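Trainee: So the chains spell out like this:
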Amino acid sequence: MKFWKLLLWLTALVYLSTLAIVALSWVNHLKLSAEWKTIWSFELDPKARVKPEAQNAALKKKIRDLHPRGVYIIIDSAENRLYLKKDSQTIKEAVVSTGSGVILVEPGGKRSWQFDTPKGEFFVKSKIQNPYWVKPDWAFIEENEPIPKKMEDRVEAGVLGDYALGFGQGYFIHGTLYTRLLGRNVTHGCVRVADKDLEEVFKASRIGTRIYIY
Amino acid sequence: MKIEPERKDENSQRGRGLRGGVSIEALTKTMSTRRNEKEMRPGGRGRRLQAIFSVFLAVIFSFSSININSLLAQNRSARQEILPATGKNGKKAGTAGAAAAQKTGPAAVRASSQATPSRAEHQASAASIRGIPEATLKILKENKFLEEEFKLARSPRYYFVLNLKEKTLELRARGMVLKSWKASELRYSGKPVPLQVTTLTHKTALNPPERKVLNPAEQQAEEARKAEEQARRAIAKKEKENSQKPEQPQVAPVDTFEVEALEITDMPGSYELNFDDGLRIFIRSKSGFKEKFRQARETLLWNTWYPVKHFLNRKSELRPQLILYFDNLRDAQGIYWSFIDGLEGIIWFP
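Order-wise, the sequence lines are chains Z and U. At position 78 of the first sequence the residue is numbered 77 (numbering that gives the first Met the number 0), and the sequence of numbers has no breaks. At position 309 of the second sequence the residue is numbered 308 (numbering that gives the first Met the number 0), and the sequence of numbers has no breaks.
This is chain Z alone, in the form it adopts within the complex (with noise of 0.2 Å):
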């Protein structure tokens, strides 16, 4: 009998010092939430902020006049679309192509390629018209076929569209022959638009208009 009651006693007792935590528990747990609303972590020198509310517009003009001004170009590699913009108007949407993510390795493991489209801002350096494609190595090895040792033997025509814009380290948006696979990743790191959509970015953007991809 008296162990019984012993066991009741002692069930009570962690009954309600459970309870009693779990109450603790919530006013510790709405303590710290409330922080994240009214805390935060840096020196607070009220004195050394003369007229904050003038620093804030400031701020907010300094951070206003790094905008991109007139016409730039936004690409989403995730969605595959480009946007031709001016000021914070899109004059343009487009479809197009990036880069496959895929890893070539060259036989021997000597060397190896990512094609990724590289993430960043950038600038129009080259505007060309008709572009030849001068193959690079991967292009090579990727179709295993030999290395040629002349440059003749590496330009192609007519692979890259009308137009082509280079933003640097040989990566470029140009045309495609391959309209059926705009919207998906299948190029290596270069922005595939189709022709027609391209020839208004290409008259509208000049050498230093800015590129932003994400």
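Honestly, the hints are just simulated from the structure, not real lab data. You can take every hint at face value.
Here are the simulated lysine-lysine pairs, DSS-like style, with alpha carbons at most 27 Å apart:
1) Z/Lys84 - Z/Lys126
2) U/Lys181 - Z/Lys59
3) U/Lys181 - Z/Lys85
4) U/Lys181 - Z/Lys118
5) Z/Lys30 - U/Lys166
6) U/Lys150 - U/Lys202
7) Z/Lys85 - U/Lys178
8) Z/Lys50 - U/Lys164
9) U/Lys308 - U/Lys202
10) U/Lys178 - Z/Lys60
11) U/Lys211 - U/Lys225
12) Z/Lys134 - U/Lys211
13) Z/Lys195 - Z/Lys126
14) Z/Lys36 - Z/Lys50
15) U/Lys164 - Z/Lys60
16) Z/Lys60 - U/Lys140
17) U/Lys150 - Z/Lys36
18) Z/Lys84 - Z/Lys60
19) Z/Lys118 - U/Lys166
20) Z/Lys60 - Z/Lys85
21) Z/Lys36 - Z/Lys59
22) U/Lys239 - U/Lys225
23) U/Lys164 - Z/Lys36
24) U/Lys291 - U/Lys181
Values in this document were obtained by computation on a predicted structure and should not be read as measured data.
Following the hints, position chain U against chain Z.
Mentor: Only chain U this time, still in chain Z's reference frame:
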């Protein structure tokens, strides 16, 4: 019924004391055992309730005192840490004081090896904001945010801004919004993250996407072998069909192609983003039964186990963590795609 003389005396004494005028004989008749006697005692149940209540109060008071003591200790240490900041040198003294406190203070000793925001820092800021109107605080907070964003906007790389109040995650470049995602639900726990630039160190997923590796020489040999085998099978099948059915119209092969690429649809919908300041952000999409089950489990844990865990570990550094739920799987996949290692950003509560 036979009653022993000793027992009789005892009963008679108790009877007199408690019941006053009730005769001993009447009582002895009704009380055959000690158990019955106890039950008859007036106020027995009330006493038991009193005892339970007092135990309950004792438990509550003991836990409250533990909590109050810990709070007092926290305040004491915070006051010690803030003292240098109130001097004439203001900000410099404050920084030095905080640094000193980080080196010598008890909070600093407990701080983890990771660069998590220290308790001292939080307490210092908490104490230093006392007495400042909320409107001013908001402006000052925005000021700090703008300063941090300006640092990021100056670089050519894109960055992210997570607004905890609006539940929006934005990709920005040069201060301009490139893409924005709206979370349907957001939860945070642990110590609040400092309002400063944080860097994504790595992503963790149960099934991370794997890049396809092309080895043309091997691939060509494999393809040739497969083609040969397929051709052999086709010939065998044709021969078999010809023997069974004399005439059958030929069906053109379906144009199916599989792109060997890493696309947004290959990205996971549930993963973890780890930052250099110890912050972990869990991204979840609500698509599918599996994900809904996971969310239900997380909600249960979040409301039951996590508060207790944080309470029990309240003296140690709690790693800040966030959970962001998105209605569309593609949103979660898009974030995985865009959040590359080394990406910088700011998390703030306006």
